[in-house]
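A.B. asks: So you can see what is in the structure, the chains are spelled out below.
Protein chains: 2
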Amino acid sequence: MYDRLKGFRDFYPDEMTARREVIETLEDTASRYGFREIGTPTLEPTRLYTDKSGAEIVEQLYNFTDKGGREVTLTPELTPTVARMVVAKSQALSKPIKWRSTRPFWRYEQVQQGRFREFYQTNVDIFGSSEPEADAEILAFAADALTELGLTRTDFEFRVSHRDILGGLLEAFDADVETEAAIRAVDKSDKIETAEYHELLVEAGLRPDQAETFDDLLGTDDLTDLVAFAETDRVTEAVENLQAVLEAADDFGAGEFCEVSLETARGLDYYTGVVFECFDSTGEVSRSVFGGGRYDDLIESFGGQPTPAVGVAPGHATLQLLCERAGVWPQEALSTDYYVLSVGDTRAVAATIARELRELGHIVESDISGRSFGAQMGYADSINAETVVIVGERDLENGELTLKEMASGEQTTAPLEAFPGDLQRPTYDDWE
Amino acid sequence: MYDRLKGFRDFYPDEMTARREVIETLEDTASRYGFREIGTPTLEPTRLYTDKSGAEIVEQLYNFTDKGGREVTLTPELTPTVARMVVAKSQALSKPIKWRSTRPFWRYEQVQQGRFREFYQTNVDIFGSSEPEADAEILAFAADALTELGLTRTDFEFRVSHRDILGGLLEAFDADVETEAAIRAVDKSDKIETAEYHELLVEAGLRPDQAETFDDLLGTDDLTDLVAFAETDRVTEAVENLQAVLEAADDFGAGEFCEVSLETARGLDYYTGVVFECFDSTGEVSRSVFGGGRYDDLIESFGGQPTPAVGVAPGHATLQLLCERAGVWPQEALSTDYYVLSVGDTRAVAATIARELRELGHIVESDISGRSFGAQMGYADSINAETVVIVGERDLENGELTLKEMASGEQTTAPLEAFPGDLQRPTYDDWE
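Each protein sequence line maps, in turn, to chains A and B.
Just so we're aligned, residue 107 is where the first sequence starts under the working numbering, counting upward by one.
Just so we're aligned, residue 107 is where the second sequence starts under the working numbering, counting upward by one.
Please keep in mind that the hints were generated in silico from the structure rather than gathered at the bench.
Mixed in with the good hints, there may be bad ones.
Note that identical chains are pooled: a pair holds if it fits in a single copy or bridges any two copies.
As the list claims (entries may be wrong) - No farther apart than 30 Å at their CA atoms in a straight line, the calculated lysine-lysine pairs in the DSS-like style are these: (1) K510 to K201; (2) K173 to K294; (3) K201 to K112; (4) K112 to K195; (5) K173 to K112; (6) K297 to K173.
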């Protein structure tokens, strides 16, 4: 007996049916916005992450040396890969580039509720536009996807921040601050004690009184306070950009889901402008459901032409927690349109009927186990067959089939020649 | 600038659109037969392969030690994983178990045309039936999937063999034969010289004259020759089973694609009964397109109850070679139903129209780059937009929109209030 690896999951058909429904909702929503599907490798050169992604991800890499001596890594996120792909074909791609994909990623980290070592995301990105409308379209896609899943404004909210407000405020202090470390501290602030948070800010270079001021500033309701405090173009422009993104999000129908929350920072080093995270409005799912934001410098740092970029990546495991909390996770059972039951020497006729029903697009099973009438009925019931078409020797002599409606248990006969005929959805009722 | 790894592929939207169409054809065909989707891990414990899969696969594993000291491997094939999953939930699953999935696998091997280190397969398996109808349903699914792709009898053929005929014949020789090594030699026979093939058979334990007799026997047109030669129950029953599978395949509509070919052996050690490979009938694609077969002992060897099994796994790269040779690989371009063009201060109205069109299920893009009228028209053209809805300030003052049919270049106006209204597919023609 073999066990699967810790943090990895097997999805049996019942669970997979629900997951597939959610994945299709995310993909279809993105598709309707004109995000085009791409396919990407599972392995990348390790330095794609060690160069840019930040220390936390690097510690969690599934990395190894391949049989050709290459340092390789199971992709822990998609962004570096899509950045690499944009650089490779930059000239040939018309801008804005709008891509989507759904696939697994891997991080070696502590397994807990809603967090696995193999986890699935739907990544949605725009390259080539620095306009607020691009950020807003990402927010609008995310809001639409969640409402398509059945979630409402009372279920979730997008906490929106701006990296240049955070960076600009830190710059405005008279101190030698390590910006990335300070932003990582902000990212952790809601998971740790205030004292510990302030200590991390001090470690990043702020004086204790500055750490307190900084914390207070991030809590303000009025963004003009920040402009007044910093008195720098960087903060002024960042505040204007954040407001422009929120206005565009209003026009695009996502405004009602957005609120400014400067404590939201995102853990990755490559973010530059607007960043946001989706949270459960009830707080029952306590951590961020997913996040996204702008990463305008990454393509250039990968050797490409300067190319602004913004994206979001709903992770399916935390999304499932939110959907389950809200009572909208799909509860689909297996469905089967027809079971074609063969008794006696009727296999060829039963097979022809099954083929004709499949050609009409139906899900059709028939006996592949040499079973008795009763055992076939039991199996038809176990796969939730809607209608059983019984092909028996005596019926066939009369040119007939028997149709059994499984829900009611009623049955009737239909002429063999007329079944399924031109009927797109032949059932018991057509011959009753 | 970063490069992707050798043997791994990036799929940009054009190529991905074609691949997605093929994947959906394979998945939909399997779904109509009642094969249910499952989801499976990318990593498995290495011994899942070292124990059972055979030497060739083990040499090609992407295996490493994870950060917890576990010996792990990127799955080189699906069969051991599904066998593990069947064992884990054997009691709860109603038989026959019919599963499908599409995903990548990894083998460190020489990269060549149609062969990559990361390669995609659609796996389709039946567990719990030893009847010939189960083998035949696998053949029928495969034949249906290929004909749904547009391939015909003149394009492909299934070469069908039986492991127990091969094993039984080897047993019938008065020699101490290593069966697995001899079957691997048969599997290679069409890729190597006859002398080399016979030498491998001799290495496996046959005398040179026996190797020649064995080779001759496999070439026979008349299976009763084999029964007469071996005079063992094993060969007699295997021949009967092969004939029963071919008869069931006839009933199931796949008979015309099947021919007996005992030189077809499949490389993996775990196969037991009927095995088959799909070949290009013209021979232009020179190697096997994909294969499958019965593996009745694997579940038990994994610690489960004895559970017969049979499956097939079309690989997408060789299938693409076959489809391209036959001229049926999809040539789809990007498609976009609407581009909603906003000029002047009309963003909010344009966004509302875009949302309404998306709610009707259409693929709709609009400006997210702050572009001029001409630049937006150029982009709309680059994404093959069928209709452009122009939302201009002056038109809006008159309560109107302009609709431009991109193919003809013609345009007309439509009343803002009536667009899109109840029309499922509003176009230029509705207002002309």
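A.B. asks: Would you mind marking each hint as holding or not holding in the structure?
C.D. replies: Cross-check of the supplied hints:
For the homomeric pair K510 and K201, the shortest alpha-carbon distance between copies (22 Å) is at most 30 Å, but the shortest distance inside one copy (57 Å) is not. In this homomeric assembly, K173 and K294 come within 30 Å of each other (Cα to Cα) only across copies, at 24 Å, whereas the closest approach inside a single copy is 39 Å. Proximity of K201 and K112 under a CA criterion of 30 Å is satisfied inter-copy only: 28 Å between copies versus 42 Å inside one chain copy. Taking identical chains as interchangeable, the C-alpha atoms of K112 and K195 lie at most 30 Å apart only when they sit on different chains, with a minimum of 17 Å there against 38 Å within one chain.
Taking the closest pair of Cα atoms, K173 and K112 come within 30 Å of each other both inside a single copy (25 Å) and across two copies (12 Å). In this assembly of identical chains, K297 and K173 lie within 30 Å of each other by CA distance solely across copies; the values are 26 Å between and 41 Å within a copy.
Checked against the numbered hints above, the structure breaks none of them.
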